[in-house]
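Engineer: Residue numbers (numbering that gives the first Met the number 0), protein chains in the order written: chain A, 0 to 394; chain B, 0 to 326.
I should point out that these hints are in silico values taken from the structure, not numbers from a laboratory.
No experiment lies behind these values; they were computed from the predicted model shown.
Every residue gets a Cβ at the ideal spot worked out from N, C-alpha and C, and that includes glycine.
It cannot be assumed that every hint is accurate.
[Unchecked claim] Computed footprint of chain A on chain B; a stretch qualifies when at least three of its residues, placed anywhere within it, have a C-beta under 8 Å from a C-beta of chain A: (1) 109-123; (2) 232-245; (3) 296-302.
[Claimed, not checked] Some, not all, of what chain B presents toward chain A, calculated at C-beta under 10 Å: (4) 40; (5) 97; (6) 175.
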Amino acid sequence: MKRRMAATAALILMSLTACATDEPAATPSDSSSAPAAGAGTGEQSKFFVQADYDNELALLDAAPTGPADKPWEQVLNPTMVDTATFKKAGPHKICFSNAALNNPWRQVGFKTMQAEVEAQGDRIKEFVHVDAEGKDQKQIADINDLLGKGCDALIVSPNTTATLTPAVEAACKAGLPVVVFDRGVDTDCPVTFINPIGGYGFGHVGAEFVSQRMKPGGKVLALRILPGVDVLETRWSAAKVAFDKAQVDVVGVEFTDGDPAKTKKIVNDYIQRHGTIDGVWMDAGAVAVAAVEAFQDAGQPVPPINGEDQLDFLKMWKDEGLTAIAPTYPTYQWRTPIIAALRILDGQQVSAPWKLPQPTITQENLDSYLDPNMPPLHYAMCGCTDLPGYPQRWK
Amino acid sequence: MQLVKRRPLPPQLARVRSGGLLPLLAILVVLLVLITVRQPDFLAPASLMSFLGRSAPLILLAAGQYFVIVSGEFDLSVGSLVTAQVVVAARLIDSDPSRTWPVVLVLLAGGLAVGLVNGLITTRLRVPSFITTLGMFLILVGAVYLWSNGAPKGGLSEEFRRFGRRAFEDVPLLGRMPYALVILLILATLAVLLMRSDFGRVLVAVGDNPRTAELSGVRVHRTRTIAFMLSGLAAAVAAILIGGYSGVSFQAGAGLEFGAITAVVLGGVALGGGRGSIVGAMLGALTLELLFTLMNFYGVSGALRPTVQGAIILFAVAVSTRRSTSR
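Please model the complete structure; the sequences and the hints are all you need to start from.
Structural biologist: Here it is as structure tokens:
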């Protein structure tokens with residue numbers, strides 16, 4: 000009897016093991032198992048579009064139009080569209096279908112958006128926020144629900160690109176102005192799509208810095224959060240182009256799920272396996288500190304690395320004198336959809352797409368972004384210092 | 000399938016089976032040799048010490064799991080308990096060094112409390128333990144998500160993190176002695192002493208045959224509840240070490256319950272209770288960590304780890320079932 004129980008338990012354990020580990024099953028571009036042509040970077044991502052890549056790299060040097068002290072209102076290469084058909088008397092009810100709040104970037108961003116709503120309080124009578132908790136199916140249902148709630152404008156931050164496209168198209172057909180930001184959708188039907196220059200620019204800046212600063216022919220470890228999201232795929236594909244061009248040896252491309260524990264373990268594994276790692280590239284900075292710690296705990300110098308504008312990384316960069324760079328995916332873009340929605344409801348022209356500038360933090364301007372009084376998981380590029388409730392709201 | 004009812008073992012057979020540490024030690028040596036062939040530096044004191052320090056949490060969890068398994072139950076909640084504790088610690092400490100020690104005490108008490116609840120539900124309400132602890136697993140995952148809005152808040156102080164990250168420097172012969180390893184050695188010694196005490200013998204007797212134990216005057220429910228509390232305590236210590244090692248993370252404890260159970264099974268402890276030693280369970284954890292290190296050195300993807308664990312659990316249970324029915 001007891002044996003049977005043990006066997007049943009083992010079966011249950013097995014099935015649990017299967018569902019408890021939702022890490023990407025394999026790393027298709029893992030160089031150690033498949034020594035592909037080039038620098039070990041594997042196949043190019045199917046999200047890679049050469050024209051977009053060229054365009055974004057050109058945008059990195061473009062001069063924005065708009066107020067210089069308010070980058071969230073600036074536009075790069077504007078192409079204005081008419082919105083007179085959406086003109087409506089206020090105050091308005093603005094609805095927001097949010098992909099998730101499941102990482103600090105989105106938390107900081109959402110607080111910034113709430114503060115923007117508060118700042119525009121006389122023009123917004125109601126702000127409805129629905130959190131899809133990172134689930135496509137929930138977000139599809141959320142958008143559908145919001146369509147019946149009498150919203151004057153709908154803001155969508157899609158969870159994934161392809162799956163959410165039909166839901167956004169349905170929202171456009173309902174006749175209300177739709178504003179998409181952050182991750183994109185495969186349709187032109189929204190009034191505008193707001194995002195910073197984008198993933199190619201981010202990935203390129205980091206990869207170029209790492210390959211220029213590391214020793215020639217050295218070993219690079221590329222750390223990615225997860226596959227299949229356009230913002231992140233483009234970052235990696237631009238980095239791949241840069242690494243292939245620089246002919247560095249990319250010894251591994253691994254997925255961290257944005258988790259520090261997993262990141263530290265992966266970096267530690269690579270240090271053990273290869274002896275040294277000469278450069279680290281990341282598609283997002285959330286786990287940069289964990290990667291740096293892995294080198295410190297192994298008693299090794301920290302190689303050239305890129306992070307993001309998260310304060311824990313900026314602080315470590317300064318304190319430890321790292322060779323580092325921080326391309327950003329600014330959280331101030333969460334202010335822009337509210338501003339855009341209100342302009343559309345006023346019948347003012349807006350740019351579509353609305354490309355925001357995407358500043359890079361370097362050794363030279365590091366001090367101007369490093370505010371030691373803000374919490375470690377805060378993003379320096381929030382553009383939120385003039386908003387109601389700063390700094391307490393973000394602490 | 001009709002299973003043969005268990006009969007009391009003849010003494011000499013029991014001896015052969017419980018002396019099961021030898022095969023494990025053989026595997027351990029083979030793994031060490033294979034690793035050394037690939038990476039001769041591995042046995043240098045510095046890297047060996049840091050390896051043992053990193054393995055400390057799993058070894059502690061295996062010891063905790065051993066108490067529960069040898070008493071005839073399971074504890075699936077330890078992984079999510081570790082995650083919950085790390086997230087709670089970060090929120091409570093909020094980067095304030097002066098809160099380190101109070102929070103450590105809160106975590107230890109929390110671990111004991113979760114174990115107590117697991118034990119009471121299993122023994123008093125007669126819910127099978129893998130359902131009880133699976134429920135606890137889900138409750139903790141959900142509670143942490145709800146409480147933190149899906150993203151960890153706050154931060155761990157450097158004082159808290161040193162337990163899992165720092166070491167005694169300049170130790171003669173060894174060079175560097177991670178705090179985690181020192182904590183492990185102390186707790187492992189205590190655990191072995193506990194198993195040699197009357198409590199340890201009673202615990203094994205409860206797992207071997209609860210009815211007989213009950214008839215001989217053992218308080219079976221209380222003994223099993225204490226086993227769950229020990230497992231919760233081990234999870235709390237593991238959480239302190241893991242949080243220290245890698246910082247706040249939502250996956251801090253992901254999959255650790257399987258790691259611990261695999262280690263215990265690998266250490267020759269019978270699922271279902273009553274047989275196996277705590278030293279075996281801890282050596283099982285060490286063997287598992289060595290196996291993962293070996294896989295890493297040979298470039299095997301980390302994604303295969305759960306598969307390997309699953310195969311070990313199935314294989315070990317199959318072997319022990321075969322052994323007990325073939326007579």
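Engineer: Could you run down the list of hints and mark each one as holding or not?
Structural biologist: Hint by hint, here is what the structure shows:
1. 109-123: Since three or more residues must qualify, the claim that chain A covers the region 109-123 of chain B is violated, with 0 doing so at under 8 Å.
2. 232-245: holds (count 3)
3. 296-302: Answer holds; 5 residues pass the 8 Å Cβ test.
4. 40: Holds, because the Cβ-Cβ distance from residue 40 of chain B to chain A comes to roughly 9 Å (cut-off 10 Å).
5. 97: With a minimum Cβ separation of about 18 Å from chain A (threshold 10 Å), the hint on residue 97 of chain B is violated.
6. 175: holds, 9 Å
The structure is inconsistent with the numbered hints 1, 5, although it conforms to all the rest.
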